[in-house]
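Number of protein chains: 2
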Amino acid sequence: MNLAVLGFGNVARALARLLHQQRGAHPFRINAIHTRHGTACNVSGLSTDPEFGPPAASLEEVLERAKAQVLVELTTLNPENGEPALTHIPTALRRGLHVVTANKGPVACAYHGLRDEARRHNVRFLHEAVTMDGTPVYNMVRQCLPAATVTGFAGALNSTTKVILEAMARGHSFEEGIAQARALGVAEGDPWFDIEGWDSACKAAALANVWMDARTTPAQVDRKGIRQLTPEKLAEAAAKGKRIVLVSRARRTAQGVKLRVRAEVLDRDDVLASMHGTSNLLVLETDLMGQFGVFTLNPGPEQTAYGVFADLMEIARNS
Amino acid sequence: MNLAVLGFGNVARALARLLHQQRGAHPFRINAIHTRHGTACNVSGLSTDPEFGPPAASLEEVLERAKAQVLVELTTLNPENGEPALTHIPTALRRGLHVVTANKGPVACAYHGLRDEARRHNVRFLHEAVTMDGTPVYNMVRQCLPAATVTGFAGALNSTTKVILEAMARGHSFEEGIAQARALGVAEGDPWFDIEGWDSACKAAALANVWMDARTTPAQVDRKGIRQLTPEKLAEAAAKGKRIVLVSRARRTAQGVKLRVRAEVLDRDDVLASMHGTSNLLVLETDLMGQFGVFTLNPGPEQTAYGVFADLMEIARNS
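Just so you know, the sequences run in chain order E and G. First residue of the first sequence: 234, per this note's numbering; consecutive thereafter. First residue of the second sequence: 234, per this note's numbering; consecutive thereafter.
Treat the hints with care, as some may be off.
You can't tell identical chains apart in this list, so a pair holds if it fits in one copy or across any two.
In silico DMTMM-like links for lysine to aspartate or glutamate, alpha-carbon gap of 25 Å or less [stated by the list, open to error]:
#: 1; residue 1: K457; residue 2: E497
#: 2; residue 1: K475; residue 2: D455
#: 3; residue 1: K300; residue 2: D349
Quick caveat, the hints were computed from the structure, so don't treat them as lab data.
Generate the whole structure from the sequences, applying the supplied hints.
The following block contains the structure:
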């Protein structure tokens with residue numbers, strides 16, 4: 234199966250290594266890698282360390298030259314408008330390509346349109362890796378929760394804020410917390426995307442769009458980040474046996490799906506307070522299966538790449 | 234699809250209600266319910282509160298009269314020998330019936346034989362509900378972790394011991410802890426099955442048989458329960474910021490898969506120490522997806538019944 238990959242950051246590199254390692258049993262072939270800075274293309278498959286030429290003139294040209302059957306969208310997100318993925322994905326779907334993305338933007342900002350576009354062209358639009366790295370979330374609900382409906386959720390889904398809040402609880406400053414998150418490799422290019430709760434809002438919107446038919450966007454999430462918190466407030470909470478965690482919540486109301494991102498003061502025993510460092514956790518509320526959840530421990534680009542791979546396997550299984 | 238159900242305890246009753254509620258969209262029909270005390274059978278489907286006659290002479294007779302396509306095995310486990318399920322299941326498989334069970338015994342004691350028997354007869358043997366109530370575990374790994382291998386796991390999988398240890402940590406006696414577990418409805422008929430670690434050993438053996446080709450039994454698990462613990466020991470651990478939890482662990486060694494059940498002294502921040510009351514948690518270690526996990530919050534018979542239902546849906550989807 235021929236792939237074209239957009240973006241060549243840590244996740245794309247990890248994916249290239251994983252596909253190379255699995256090539257005997259699962260013959261996916263990366264025929265093109267396209268970034269703003271250059272394009273590598275070989276219709277017989279690229280090496281894991283390909284040589285890039287100048288950037289191709291258009292995505293269409295890349296897909297054509299690569300004879301791609303699947304677009305793997307791994308560009309960096311512009312959180313304000315979901316671009317450039319929001320342009321790339323429909324372009325590929327309209328040409329009859331399946332699309333797999335690890336990019337929150339499209340699912341958070343425009344899920345229904347993309348899903349419907351995929352259906353019109355009888356292809357798949359899959360996005361396992363956008364919320365919990367590679368931990369099965371979207372695929373788990375779709376495949377393992379037959380007839381059940383997700384009625385709400387609550388998640389500690391952002392690593393950067395977790396690292397900053399834990400640093401402050403140990404008496405460090407906000408800035409030292411940011412530095413620690415950077416050192417762990419979890420803070421996005423601009424850490425304020427995490428600190429202001431945008432990342433948590435994107436993930437909440439993505440989950441609610443897919444599971445609760447919310448048809449929402451991150452901007453519509455009732456969102457407040459952690460910038461108002463101080464080491465003093467964290468110490469005060471800790472003295473009471475509490476923890477402060479940035480939580481994304483969704484619930485269904487008579488007025489529709491309500492999404493909220495807040496730094497919540499939780500009992501230490503609350504499951505939402507049980508994750509540390511870069512680990513994330515999600516509690517699902519369902520009609521038929523009660524409450525249960527998933528978590529991911531210290532994930533890295535390899536896990537995100539695995540989430541993309543799981544989607545590719547799902548496409549291959551049904552093609 | 235015609236079902237014959239063995240056993241009519243809380244899970245079977247919850248399953249009957251669930252199937253009744255879903256009957257419009259998913260036409261599973263319970264045509265027989267068979268217990269030691271009586272048999273109810275109607276080839277056009279039983280009500281959710283059926284009338285029982287005297288027990289049928291044999292399981293074969295029940296399956297025949299019910300025109301059953303699936304056996305749902307929900308009898309009570311004899312942990313020493315896995316009976317009576319271990320007799321029932323091959324009987325049904327050999328007659329070409331699919332089997333779904335919520336009964337740990339067969340998966341813990343005889344998984345490979347049953348799996349192979351099912352393959353020989355081209356039917357399914359599914360068991361989602363045996364370890365984490367209905368939370369997707371077996372189905373999740375089979376369907377959502379393509380090409381990955383589970384290399385080990387660690388779980389806080391037993392509710393009774395969790396309730397007893399938490400009661401002792403609050404200063405109550407062992408016996409008061411047992412009473413609390415009974416009041417919550419989680420202690421098995423004989424709570425010593427949980428206290429001595431047999432339930433945790435059964436669950437570990439089941440997971441290791443399915444995921445790690447362990448071909449083991451609960452008796453082969455290196456098992457120690459919690460009876461040696463006292464309120465004093467729990468208080469001592471708590472004073473050091475620790476928690477004591479009965480943990481089931483599996484790891485692969487040069488000598489094969491090693492399984493261990495122990496009351497472990499864990500940091501309060503350890504994810505295995507994060508569950509309370511009747512909630513359970515499992516961490517999976519994998520080759521391609523790193524470490525991640527699932528947990529179930531305050532499950533009851535409805536969740537276990539949903540696990541059985543999910544297996545029935547899987548069979549219906551592929552039949």
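Okay, the hints, checked on the actual structure:
Taking the closest pair of Cα atoms, K457 and E497 come within 25 Å of each other only inside a single copy of the chain (10 Å); across copies the shortest separation is 39 Å, beyond that limit. With identical chains, the CA atoms of K475 and D455 are at most 25 Å apart within one copy only, with a shortest distance of 23 Å there and 37 Å across copies. In this assembly of identical chains, the alpha carbons of K300 and D349 lie at most 25 Å apart only when taken from the same copy (24 Å versus 42 Å across copies).
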